[in-house]
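Asker: Residues per chain are reported as follows:
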Amino acid sequence: MHSIPTWAQVVYLACAVCFILALKGLSGPKTARNGNLLGAVGAVVAVLVPFIIKNPATGEHLHHVPLIVAAIVVGTIGGVYGAQKVQMTQMPQMVALFNGVGGGAAALVALLELHEHVAAGDHENWFVWAATAFTIFVGAVSFAGSCVTFAKLQELMTSRPVSFPGLSVLFGGSLIAAVVLSVMLVRDPAMNYGIIIGVLGLLFGLLLVLPVGGADVPIVISLLNAFTGLTVAAGGYVLANTVLLVGGTLVGASGTFLTILMANAMGRSVTNILFGALKGGSTLGGGEASDRPVKSLQPNDAAIMLGYADRVIIVPGYGLAVAQAQHSLRELVDILGERGTQVDYAIHPVAGRMPGHMNVLLAEAQVPYDQLKEMDEINGDFKDADVVLVVGANDVVNPAAKTTPGAPIYGMPILNADEAKNIIFMKRSMRPGFAGIENELLFDEKTQLLFGDAKDSMSKLLNAVKAL
Amino acid sequence: MHSIPTWAQVVYLACAVCFILALKGLSGPKTARNGNLLGAVGAVVAVLVPFIIKNPATGEHLHHVPLIVAAIVVGTIGGVYGAQKVQMTQMPQMVALFNGVGGGAAALVALLELHEHVAAGDHENWFVWAATAFTIFVGAVSFAGSCVTFAKLQELMTSRPVSFPGLSVLFGGSLIAAVVLSVMLVRDPAMNYGIIIGVLGLLFGLLLVLPVGGADVPIVISLLNAFTGLTVAAGGYVLANTVLLVGGTLVGASGTFLTILMANAMGRSVTNILFGALKGGSTLGGGEASDRPVKSLQPNDAAIMLGYADRVIIVPGYGLAVAQAQHSLRELVDILGERGTQVDYAIHPVAGRMPGHMNVLLAEAQVPYDQLKEMDEINGDFKDADVVLVVGANDVVNPAAKTTPGAPIYGMPILNADEAKNIIFMKRSMRPGFAGIENELLFDEKTQLLFGDAKDSMSKLLNAVKAL
Amino acid sequence: MNEAVVWLTIFVLSVFVGIEVISKVSSTLHTPLMSGANAIHGVILLGAILVTGSTDNTAAIVVGVIAIVLASVNMVGGFVLTDRMLQMFTQKKKPARNDKEAA
Amino acid sequence: MNEAVVWLTIFVLSVFVGIEVISKVSSTLHTPLMSGANAIHGVILLGAILVTGSTDNTAAIVVGVIAIVLASVNMVGGFVLTDRMLQMFTQKKKPARNDKEAA
Ligand SMILES: NC(=O)c1ccc[n+]([C@@H]2O[C@H](COP(=O)([O-])OP(=O)(O)OC[C@H]3O[C@@H](n4cnc5c(N)ncnc54)[C@H](OP(=O)(O)O)[C@@H]3O)[C@@H](O)[C@H]2O)c1
Ligand SMILES: NC(=O)c1ccc[n+]([C@@H]2O[C@H](COP(=O)([O-])OP(=O)(O)OC[C@H]3O[C@@H](n4cnc5c(N)ncnc54)[C@H](OP(=O)(O)O)[C@@H]3O)[C@@H](O)[C@H]2O)c1
Numbered sequence: 010m011h012s013i014p015t016w017a018q019v020v021y022l023a024c025a026v027c028f029i030l031a032l033k034g035l036s037g038p039k040t041a042r043n044g045n046l047l048g049a050v051g052a053v054v055a056v057l058v059p060f061i062i063k064n065p066a067t068g069e070h071l072h073h074v075p076l077i078v079a080a081i082v083v084g085t086i087g088g089v090y091g092a093q094k095v096q097m098t099q100m101p102q103m104v105a106l107f108n109g110v111g112g113g114a115a116a117l118v119a120l121l122e123l124h125e126h127v128a129a130g131d132h133e134n135w136f137v138w139a140a141t142a143f144t145i146f147v148g149a150v151s152f153a154g155s156c157v158t159f160a161k162l163q164e165l166m167t168s169r170p171v172s173f174p175g176l177s178v179l180f181g182g183s184l185i186a187a188v189v190l191s192v193m194l195v196r197d198p199a200m201n202y203g204i205i206i207g208v209l210g211l212l213f214g215l216l217l218v219l220p221v222g223g224a225d226v227p228i229v230i231s232l233l234n235a236f237t238g239l240t241v242a243a244g245g246y247v248l249a250n251t252v253l254l255v256g257g258t259l260v261g262a263s264g265t266f267l268t269i270l271m272a273n274a275m276g277r278s279v280t281n282i283l284f285g286a287l288k289g290g291s292t293l294g295g296g297e298a299s300d301r302p303v304k305s306l307q308p309n310d311a312a313i314m315l316g317y318a319d320r321v322i323i324v325p326g327y328g329l330a331v332a333q334a335q336h337s338l339r340e341l342v343d344i345l346g347e348r349g350t351q352v353d354y355a356i357h358p359v360a361g362r363m364p365g366h367m368n369v370l371l372a373e374a375q376v377p378y379d380q381l382k383e384m385d386e387i388n389g390d391f392k393d394a395d396v397v398l399v400v401g402a403n404d405v406v407n408p409a410a411k412t413t414p415g416a417p418i419y420g421m422p423i424l425n426a427d428e429a430k431n432i433i434f435m436k437r438s439m440r441p442g443f444a445g446i447e448n449e450l451l452f453d454e455k456t457q458l459l460f461g462d463a464k465d466s467m468s469k470l471l472n473a474v475k476a477l
Numbered sequence: 010m011h012s013i014p015t016w017a018q019v020v021y022l023a024c025a026v027c028f029i030l031a032l033k034g035l036s037g038p039k040t041a042r043n044g045n046l047l048g049a050v051g052a053v054v055a056v057l058v059p060f061i062i063k064n065p066a067t068g069e070h071l072h073h074v075p076l077i078v079a080a081i082v083v084g085t086i087g088g089v090y091g092a093q094k095v096q097m098t099q100m101p102q103m104v105a106l107f108n109g110v111g112g113g114a115a116a117l118v119a120l121l122e123l124h125e126h127v128a129a130g131d132h133e134n135w136f137v138w139a140a141t142a143f144t145i146f147v148g149a150v151s152f153a154g155s156c157v158t159f160a161k162l163q164e165l166m167t168s169r170p171v172s173f174p175g176l177s178v179l180f181g182g183s184l185i186a187a188v189v190l191s192v193m194l195v196r197d198p199a200m201n202y203g204i205i206i207g208v209l210g211l212l213f214g215l216l217l218v219l220p221v222g223g224a225d226v227p228i229v230i231s232l233l234n235a236f237t238g239l240t241v242a243a244g245g246y247v248l249a250n251t252v253l254l255v256g257g258t259l260v261g262a263s264g265t266f267l268t269i270l271m272a273n274a275m276g277r278s279v280t281n282i283l284f285g286a287l288k289g290g291s292t293l294g295g296g297e298a299s300d301r302p303v304k305s306l307q308p309n310d311a312a313i314m315l316g317y318a319d320r321v322i323i324v325p326g327y328g329l330a331v332a333q334a335q336h337s338l339r340e341l342v343d344i345l346g347e348r349g350t351q352v353d354y355a356i357h358p359v360a361g362r363m364p365g366h367m368n369v370l371l372a373e374a375q376v377p378y379d380q381l382k383e384m385d386e387i388n389g390d391f392k393d394a395d396v397v398l399v400v401g402a403n404d405v406v407n408p409a410a411k412t413t414p415g416a417p418i419y420g421m422p423i424l425n426a427d428e429a430k431n432i433i434f435m436k437r438s439m440r441p442g443f444a445g446i447e448n449e450l451l452f453d454e455k456t457q458l459l460f461g462d463a464k465d466s467m468s469k470l471l472n473a474v475k476a477l
Numbered sequence: 013m014n015e016a017v018v019w020l021t022i023f024v025l026s027v028f029v030g031i032e033v034i035s036k037v038s039s040t041l042h043t044p045l046m047s048g049a050n051a052i053h054g055v056i057l058l059g060a061i062l063v064t065g066s067t068d069n070t071a072a073i074v075v076g077v078i079a080i081v082l083a084s085v086n087m088v089g090g091f092v093l094t095d096r097m098l099q100m101f102t103q104k105k106k107p108a109r110n111d112k113e114a115a
Numbered sequence: 013m014n015e016a017v018v019w020l021t022i023f024v025l026s027v028f029v030g031i032e033v034i035s036k037v038s039s040t041l042h043t044p045l046m047s048g049a050n051a052i053h054g055v056i057l058l059g060a061i062l063v064t065g066s067t068d069n070t071a072a073i074v075v076g077v078i079a080i081v082l083a084s085v086n087m088v089g090g091f092v093l094t095d096r097m098l099q100m101f102t103q104k105k106k107p108a109r110n111d112k113e114a115a
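Chains as they are written, first to last, in our numbering: chain A, 10 to 477; chain B, 10 to 477; chain C, 13 to 115; chain D, 13 to 115.
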């Protein structure tokens, strides 16, 4: 490794600095985009270096360059295609997928390193072997875990927690086995150990995420993201490469911290999310549609209520994104505004399927930013609101978060829609929201439901209001 | 250096982490004290290591241990004594002094390293020599500069900017000479070069601080503090010691950043402060007492104005600290409060001689925190105030900051005392404040002066109010 | 200085940087930040290239190529995706394009 | 890894930590923070001890001892002074003592 030329090492350091500045930029709304760009520049430059310098390990130039370039091209096309084609509502699972493949790559790299060292019969210090084992295991965990989260969010499988008797035993078992094998690998390095550790990692990742409820999945994504960061850091140590070490560590540290921030925003604790299910109680409830009686109303009734209200608050949720009804919603709000009604959007931090989901969606529909009110800002105003229009939201206005200690969303701060004089829900059915629990507010006597896909109902509503 | 045992290196790293956490702690009011404590622990542990391990340079154990311990004891006693005996109002110059001796120590250490290497005829890489030269020079700058700042704040010399024809030439000259000598030192290391560089450093430090106006001195202290940090970092590189490198760099970086923050708080730019004088225009005005007519009043007149006011705002300043009148002031405020007057303290960020000076002073007098209002909080209330009582403050209410572009304090945000219905100044004379410029507000027709030492006047005032 | 300690030092410092640097992020930026960080660890691509380029064992090469593909998906896709998210936060003047993409 | 680059890396990372870690400080804490940082660089005492303890040249020893004294004044005095300042910020329940000190 001492054969890396100094200039290359300095370039690596510069790339690492790019990553730092990228994260710094990404944490501020104005600088975010440039930050991301800077990160990309750093990454690209770092990747170019090995094509120029002699390989530190072998002292020769890179072999199989055409093959490598081809592989990069393929990966790039795949990545760009996926990133461009994915719908807004599916971005979280895309992040999960990208994170998973990254973890997988890290695990494979570590396996190859192990293979090289074993073949060459090197006597590395035990710390290197330990780091290798760590990378293989955690990389595999991140890969498997991310795949499951993807499946859950993409609704390839139920988003409800999956648990079975003996899960926790298997869970603990695979972990212990992995540790034992790592010790053995450190004592006498052999390929098979590495492979088995990888398999155990896959199993562990599976068991880690299966019992997690859909609503908590994004937090798990963030956590697995941090995991992958750490594996990359360990890989950087094994390869004695600064960019990998610093870059990976940065992601590991900030990712872990971010995970905690996100969990707090949802009023959940990380350990609870991960091990709640193992501890027995599943993290989320069932998803059956209720058949209790509710009051429903027609678009033109709703139009009258809205048209003659002084103060209206819109509560957008995941359904708005699914129905892509944001544009007609904005039109409706504009018209109400012209009629002299004061209208605001109440944005819950975790409305939708990713933090900031609603901001993105409504920004896309050109809603002026000053109409978007954060939860704390607006929660006081609900009691003065004549009508609250809940468009495809559910959990974020579910009083269970305050009243039902058992509920999966218990403790999550919610929007006080229940304090308004009238509440109109736009949803397709009586099916519950992401958390899969009934929403008492639907049965409140102040509440009326406007059934149907948000987009249709919204355009009907729009015409009705225009007709007033 | 490879002979430092691993455990010692890890200990060094742990100490470095202590320093990081110390700075983190110090930047929050709750954690500040523990942060400082943690830093002390880290420093002490770091210092103990060399007594235990073999010296990396010589491979032997430490020589002259008794002598070294004795020296430490002496220094410790001196430090503790100074820190304990200094008065609140003199803390800034104490910081300057401590910083100066630190810089001096760093320079001496670098000189000794140079001496050793030259004696041993080592062939270090040029970077080491460069770092040595840097440490000697900047360490000396910090030492000399701090001594001057101390003299200025301690009023051993005028706090006004000192400048003379050819200063800037000498200034630039010494810098260039130092650079040239450093290059020579790098090319063939010799003791004499080192010594001359040190002398040049002293000269440069002197010339750097002489032209700075007293009001800006604390900013200069902070800057020199950052300098010393950098020298320690460079010393750490020369000695191949992690604690010194990390600790020094931390101080260098945070110190530089803090300097900018402080300058902004005073509405000044760092370059302006440092090179304003060199660029010709001195940074501060004259300090003559004016003889223009003013309205003065007696304690009992003031008592009546205060006693029958509904809204009073107190503007404390440096004079309050000098006179140690904070306790009687609090008593006065309590009594006015009992009489139903609403009284607040308006705290200017740079009132006094150090940021937070007034908070410290009034906290000491047990003033409840909620009565202390930051400038932005209270600046809107002055127009509703019946009486503003300015106790030993001057620059922080000087309208020149808004009106007189030439003025040294121009651009500094001030308290809008001039908007109040009546203004009472407690001061001893017509002498100006720290900035040494006249305060038009003293001649305002709404203004009356209560001459005398703040403590006497305050107790007179207190009795008069009690008598109402 | 002992190699391992060097790496440990760099690791520890990076941990502090990583945490401090994002400590002020607002909750609306959580997802783009996560996605951006995710893209950054795609730099494992560098590692994948190094190992693949230094072996001549066919099996190893195959595995290496897979690793490279995966890593570049992570890296490139990650940055593009993040940029797409941020577009919507920052420039509200391009709904047309975003609509098409998001539809 | 090349020694110089190692040190450079550690230096750069420390710069970021140093800046980020204090970036949220409130203006009232400027002075204690400055004073605390000032105390931290007193750790140069460690360097002074190392050089003094490794020489046998009398002149060098004398200079070294001076350096040690100065450095320990910086370090010890700095921490004590900072603590005294902070006492007044945090515990408002000890005026008696503080008065005496401050008088
Ligand atoms: N923001 C995040 O970071 C994040 C990430 C993951 C999970 N979560 C979780 O997701 C939930 C977000 O709450 P939310 O209130 O926004 O959404 P929600 O609780 O999932 O409720 C969505 C509602 O929209 C309705 N809906 C779905 N498609 C619709 C369509 N095409 N037209 C009309 N209505 C439609 C659904 O009812 P019907 O099916 O009857 O129509 C459902 O009641 C919280 O539990 C949160 O913890 C948040
Ligand atoms: N806070 C910081 O970080 C810091 C640091 C250094 C400098 N500064 C500068 O210091 C100034 C602070 O403004 P300031 O208004 O607080 O103080 P100031 O402008 O220096 O004014 C102090 C006033 O108190 C009076 N005074 C002095 N001793 C007194 C006594 N025993 N009894 C009664 N009055 C007494 C003086 O007038 P007489 O002499 O006529 O009594 C003077 O007018 C600003 O220029 C600021 O930039 C601030």
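Any given hint might turn out to be false.
[To be verified] The list that follows gives simulated cross-link-like pairs (lysine-lysine, DSSO-like), each with its CA atoms no further than 30 Å apart:
#1 K392(B) - K430(B)
#2 K36(D) - K36(C)
#3 K469(A) - K392(A)
#4 K382(A) - K411(A)
#5 K36(C) - K382(B)
#6 K464(A) - K430(A)
#7 K382(B) - K411(B)
#8 K430(B) - K36(D)
#9 K475(A) - K411(A)
#10 K475(A) - K464(A)
#11 K464(A) - K36(C)
#12 K469(A) - K36(D)
#13 K39(A) - K36(D)
#14 K475(B) - K36(D)
#15 K36(C) - K39(B)
#16 K392(B) - K382(B)
#17 K36(C) - K39(A)
#18 K464(B) - K36(D)
#19 K39(A) - K304(A)
#20 K39(A) - K94(A)
#21 K411(B) - K469(B)
#22 K94(B) - K39(B)
#23 K94(B) - K304(B)
#24 K36(C) - K475(A)
#25 K411(B) - K475(B)
Simulated from the structure, these hints should not be mistaken for lab results. Keep in mind it's a predicted model, so treat the numbers as computed, not measured.
Asker: State for each hint whether it applies.
Answerer: Verification of the supplied hints:
no. : hint              : in the structure
1   : K392(B) - K430(B) : 7 Å, holds
2   : K36(D) - K36(C)   : 9 Å, holds
3   : K469(A) - K392(A) : 28 Å, holds
4   : K382(A) - K411(A) : 21 Å, holds
5   : K36(C) - K382(B)  : 26 Å, holds
6   : K464(A) - K430(A) : 25 Å, holds
7   : K382(B) - K411(B) : 21 Å, holds
8   : K430(B) - K36(D)  : 37 Å, violated
9   : K475(A) - K411(A) : 38 Å, violated
10  : K475(A) - K464(A) : 16 Å, holds
11  : K464(A) - K36(C)  : 37 Å, violated
12  : K469(A) - K36(D)  : 51 Å, violated
13  : K39(A) - K36(D)   : 19 Å, holds
14  : K475(B) - K36(D)  : 44 Å, violated
15  : K36(C) - K39(B)   : 19 Å, holds
16  : K392(B) - K382(B) : 15 Å, holds
17  : K36(C) - K39(A)   : 13 Å, holds
18  : K464(B) - K36(D)  : 37 Å, violated
19  : K39(A) - K304(A)  : 45 Å, violated
20  : K39(A) - K94(A)   : 25 Å, holds
21  : K411(B) - K469(B) : 34 Å, violated
22  : K94(B) - K39(B)   : 25 Å, holds
23  : K94(B) - K304(B)  : 40 Å, violated
24  : K36(C) - K475(A)  : 44 Å, violated
25  : K411(B) - K475(B) : 38 Å, violated
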